[in-house]
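Build out the structure end to end from the sequences listed, making use of the hints.
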Amino acid sequence: MLSQDLKTYLVVAALLLIIGVYGVVQRRSFIGMLISAELILAGAGLNFMAFNRFLAPEPAVGQVFTLIIMGIAAAETAIGVSFILAVYRQFRTIDPIQLNELQESIPGQTPGADDDTVMPRGEEPGDQDI
Amino acid sequence: MSWADIFLEAVFYVFVLLTVFGGLLAVRTQILMYTVLGAAVAFLGVAGLFMFLGSLFLSMMQILIYLGAICIVLVFGIMVGHTPRQVAEQGIRGQNLLLAVPACFAAIVLLRSAVGRTVWPPVPVAERDFSLYAVGEKLLEQYGLAFELISVLLLISIIGAIVVVTVKEDPR
Chain A
-15 MLSQDLKTYL VVAALLLIIG VYGVVQRRSF IGMLISAELI LAGAGLNFMA
35 FNRFLAPEPA VGQVFTLIIM GIAAAETAIG VSFILAVYRQ FRTIDPIQLN
85 ELQESIPGQT PGADDDTVMP RGEEPGDQDI
Chain B
0 MSWADIFLEA VFYVFVLLTV FGGLLAVRTQ ILMYTVLGAA VAFLGVAGLF
50 MFLGSLFLSM MQILIYLGAI CIVLVFGIMV GHTPRQVAEQ GIRGQNLLLA
100 VPACFAAIVL LRSAVGRTVW PPVPVAERDF SLYAVGEKLL EQYGLAFELI
150 SVLLLISIIG AIVVVTVKED PR
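These protein sequences, in sequence, are chains A and B. For the first sequence, our numbering begins at -15 and goes up steadily by one. For the second sequence, our numbering begins at 0 and goes up steadily by one.
Don't read these hints as lab results, they were simulated from the structure. Ideal placement from N, C-alpha and C gives every residue a C-beta, glycine not left out. Each hint should be verified, as a subset may be incorrect.
As the list claims (entries may be wrong) - Here are the computed distance ranges between Cβ atoms for each label pair:
{"hint": "1", "chain 1": "B", "residue 1": "100", "chain 2": "A", "residue 2": "83", "range": "19 to 29 Å"}
{"hint": "2", "chain 1": "B", "residue 1": "5", "chain 2": "A", "residue 2": "73", "range": "51 to 61 Å"}
{"hint": "3", "chain 1": "B", "residue 1": "117", "chain 2": "A", "residue 2": "76", "range": "48 to 58 Å"}
{"hint": "4", "chain 1": "B", "residue 1": "113", "chain 2": "A", "residue 2": "73", "range": "40 to 50 Å"}
{"hint": "5", "chain 1": "A", "residue 1": "73", "chain 2": "B", "residue 2": "148", "range": "47 to 57 Å"}
{"hint": "6", "chain 1": "B", "residue 1": "78", "chain 2": "A", "residue 2": "41", "range": "15 to 25 Å"}
{"hint": "7", "chain 1": "B", "residue 1": "104", "chain 2": "A", "residue 2": "76", "range": "23 to 33 Å"}
{"hint": "8", "chain 1": "B", "residue 1": "120", "chain 2": "A", "residue 2": "73", "range": "19 to 29 Å"}
{"hint": "9", "chain 1": "B", "residue 1": "108", "chain 2": "A", "residue 2": "81", "range": "30 to 40 Å"}
{"hint": "10", "chain 1": "A", "residue 1": "77", "chain 2": "B", "residue 2": "139", "range": "45 to 55 Å"}
{"hint": "11", "chain 1": "B", "residue 1": "78", "chain 2": "A", "residue 2": "-15", "range": "20 to 30 Å"}
{"hint": "12", "chain 1": "A", "residue 1": "81", "chain 2": "B", "residue 2": "155", "range": "30 to 40 Å"}
{"hint": "13", "chain 1": "B", "residue 1": "118", "chain 2": "A", "residue 2": "76", "range": "49 to 59 Å"}
Here's what the structure looks like:
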């Protein structure tokens, strides 16, 4: 009976965590990173519930903790989406590669000559709507 | 083992598969809308696993908060910056891929071996009260401070979201 075994839930939660970390590393958009962070939080909640069910002497504690994790996830999503909205109004794009205003680069030089990244660089954001 | 047990076990496997493959769909697809769809499927699977862990309340809360609130907000965020032809995310095979795949594979192997080797001590069970009554009592008596803090955090984040969105556009 795999459904009555603690290790099954732990492995599923670990898979969710790893999938989320992979998404955060590899995604190229703010929304994708945000969703991957949500997957990590869901895996953490599943872990708490599994330990709560099988190991905790008081079964209500893990449920309280998981509820708090859900609240934090909701707050994080609200803040993240509002950031995306603000960034879009400022720069007219939400592509993270084009948001390089703080990156150290001299306009006369060829882009990418002085740092390790070989990512294609967009034009300076905000120039086109003056 | 009766037929009902076998059926329950099959449902459990279905929820596990929904969780894992929903997560994989969420990180591997190029269409951003499918990303939210995959995350929603994974959250639904987690809600089913919560039900198997004995808490119908948390399962319902998972569906309500994650599927009902977070996914809708994410879809709204996707629809802001893109016309529908541009919703696909470019360059998903980035240069991080060669690092991300082996790192994640090594991490899952390590975690799996750690889970397999650990001997969990059995718990002296006094009474196991999974009921909603016990959760509410804990939430309002013993963990009242955490409850208040999470309420304040949600309030602050909502106000902060409104402030961030309504900030004046920089004339450039």
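Now for the hints, and whether the structure bears them out:
At roughly 26 Å, the beta-carbon separation of residue 100 of chain B and residue 83 of chain A lies within the given 19 to 29 Å, and the hint holds. About 55 Å separates the C-beta atoms of residue 5 of chain B and residue 73 of chain A, a value consistent with the hinted range of 51 to 61 Å. Range check, residue 117 of chain B to residue 76 of chain A: about 51 Å between beta-carbon atoms, so the 48 to 58 Å window is met. Roughly 46 Å separates the CB atoms of residue 113 of chain B and residue 73 of chain A, a value that falls within the hinted 40 to 50 Å.
With their beta carbons about 31 Å apart, residue 73 of chain A and residue 148 of chain B fall outside the hinted range of 47 to 57 Å. For residue 78 of chain B paired with residue 41 of chain A, a C-beta distance near 47 Å fails the hint of 15 to 25 Å. Roughly 39 Å separates the CB atoms of residue 104 of chain B and residue 76 of chain A, a value that falls outside the hinted 23 to 33 Å. One distance hint, 19 to 29 Å for the beta-carbon pair residue 120 of chain B and residue 73 of chain A, is violated here, with the actual separation near 54 Å.
As the Cβ distance of residue 108 of chain B to residue 81 of chain A is approximately 32 Å, the hint placing it in 30 to 40 Å holds. Restraint check, residue 77 of chain A to residue 139 of chain B: a C-beta distance of roughly 46 Å satisfies the suggested window 45 to 55 Å. Separated by about 44 Å at the C-beta atoms, residue 78 of chain B and residue -15 of chain A break the suggested range of 20 to 30 Å. Taken as a hint, the range 30 to 40 Å holds for the pair residue 81 of chain A and residue 155 of chain B, whose Cβ atoms sit roughly 31 Å apart.
Between residue 118 of chain B and residue 76 of chain A the beta carbons are some 57 Å apart, a value that agrees with the proposed interval 49 to 59 Å.
Hint compliance for this structure: hints 5, 6, 7, 8 and 11 are broken, all remaining hints hold.
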